[in-house]
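Participant: Sequence:
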Amino acid sequence: MQELSKDILIKSLSFNLFYPKDLSNFKAKIINFSYDLNDLNDAFITSDFDELGYARRYSKKHLFFYSNNLSEDELIKASVYGADGIILDKICDKDLLNLAKNCGFSLAFLAKNNIDLFKATIKQFDIFVANIDLLKNVPDTKYKGILHAIS
Numbered sequence: 001m002q003e004l005s006k007d008i009l010i011k012s013l014s015f016n017l018f019y020p021k022d023l024s025n026f027k028a029k030i031i032n033f034s035y036d037l038n039d040l041n042d043a044f045i046t047s048d049f050d051e052l053g054y055a056r057r058y059s060k061k062h063l064f065f066y067s068n069n070l071s072e073d074e075l076i077k078a079s080v081y082g083a084d085g086i087i088l089d090k091i092c093d094k095d096l097l098n099l100a101k102n103c104g105f106s107l108a109f110l111a112k113n114n115i116d117l118f119k120a121t122i123k124q125f126d127i128f129v130a131n132i133d134l135l136k137n138v139p140d141t142k143y144k145g146i147l148h149a150i151s
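Residue 7 in my numbering sits at position 7 of the sequence shown; the count goes up by one each step and never skips.
Any given hint could be a false lead.
Said to hold, decoys possible - Calculated pairs, DSSO-like style, for lysine-lysine (alpha carbon to alpha carbon, straight line, at most 27 Å):
no., residue 1, residue 2
1, K27, K90
2, K29, K60
3, K119, K29
4, K21, K142
5, K94, K119
6, K136, K123
7, K90, K123
8, K144, K112
9, K27, K142
10, K77, K21
11, K144, K101
12, K94, K21
13, K136, K119
14, K123, K77
15, K27, K60
16, K90, K144
17, K144, K123
18, K77, K144
19, K60, K144
20, K21, K60
21, K101, K29
22, K142, K112
23, K94, K123
24, K94, K77
25, K27, K119
Think of the hints as simulated: they come from the structure by calculation, not from any bench.
Could you build the full structure based on these sequences and the hints that come with them?
Facilitator: As structure tokens, this is what we get:
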């Protein structure tokens, strides 16, 4: 992938046709997440921008960008390449989370235990991705999701 300057990426945001999709149709059910674009799950997770751009053009799924260490540059690129949300497995800087929210992204968190759920609730994440047992502890006002392994 060709590296683009930050100025070019920011300018291209004004031409972004792919404003993040609304998740309101999932309010009463569990969102099925997967790393496989070709399965029947509701949402696709990737950390590759080329794959994200391809999926935006050829798929109707909700697209989430996964980041180990979220940065401002990654948020800009995720927006340019058409992500609907950001999915994290650790809490990052509050300013970055606010920037992601202000860009229209849904914030998802991969929770491993109740402490993770508590921290993500305080940081106002929208979607909690966990196993079925942990999802029972997620408030009904939040979206719930399950990550399906690649088969």
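Participant: Confirm or reject each hint.
Facilitator: Hint by hint, here is what the structure shows:
Of the pairs offered as hints, the one joining K27 and K90 holds, with about 24 Å between alpha carbons and a cut-off of 27 Å not exceeded. Between the alpha carbons of K29 and K60 the distance comes to roughly 18 Å, so the proposed pair stays at or under 27 Å and holds. Note on K119 and K29: the hinted pairing holds, with a Cα-Cα distance of about 23 Å set against a maximum of 27 Å. Of the pairs offered as hints, the one joining K21 and K142 holds, with about 17 Å between alpha carbons and a cut-off of 27 Å not exceeded.
With a CA separation close to 12 Å, the supplied pair K94 and K119 stays within the 27 Å bound. The suggested pairing of K136 with K123 holds, with an alpha-carbon distance near 19 Å, which does not exceed 27 Å. Restraint check for K90 and K123: satisfied, since their Cα atoms lie roughly 11 Å apart, inside the 27 Å limit. The suggested pairing of K144 with K112 holds, with an alpha-carbon distance near 14 Å, which does not exceed 27 Å.
With a C-alpha separation of about 8 Å, the suggested pair K27 and K142 falls inside the 27 Å cut-off, and the hint holds. Under the criterion of a C-alpha separation no larger than 27 Å, the hint pairing K77 with K21 is consistent with the structure, at around 17 Å. Among the hinted pairs, K144 with K101 is consistent with the structure: their alpha-carbon atoms are about 18 Å apart, no more than 27 Å. This hinted pair checks out: K94 and K21 have alpha carbons roughly 23 Å apart, not beyond 27 Å.
Taken as a hint, the K136 and K119 pair is honoured in the structure, with Cα atoms around 16 Å apart against an allowance of 27 Å. A distance of roughly 23 Å separates the Cα atoms of K123 and K77; the hinted pair therefore holds under the 27 Å criterion. A C-alpha spacing of about 18 Å is found between K27 and K60, which places the hinted pair at or below 27 Å, so the restraint holds. Our distance criterion of 27 Å between C-alpha atoms is met by K90 and K144, whose separation comes to about 17 Å.
For the hint pairing K144 with K123, the CA-to-CA distance comes to about 16 Å; that is within 27 Å, so the pair holds. Under the criterion of a C-alpha separation no larger than 27 Å, the hint pairing K77 with K144 is consistent with the structure, at around 26 Å. Between K60 and K144 the CA atoms are separated by roughly 20 Å; this keeps the pair inside 27 Å, and the hint holds. Only pairs whose Cα atoms come within 27 Å are accepted, and K21 paired with K60 is accepted, the gap being roughly 10 Å.
Distance check on the hinted pair: K101 and K29 sit about 22 Å apart at the alpha-carbon level, within 27 Å; holds. Simply put, K142 and K112 have alpha-carbon atoms about 17 Å apart, close enough for the 27 Å limit, and the pair holds. Between the alpha carbons of K94 and K123 the distance comes to roughly 8 Å, so the proposed pair stays at or under 27 Å and holds. For the hint pairing K94 with K77, the CA-to-CA distance comes to about 19 Å; that is within 27 Å, so the pair holds.
Taking the CA atoms of K27 and K119, the gap is about 22 Å. The hint holds against a cut of 27 Å.
Violated hints: none; the structure is consistent with every hint.
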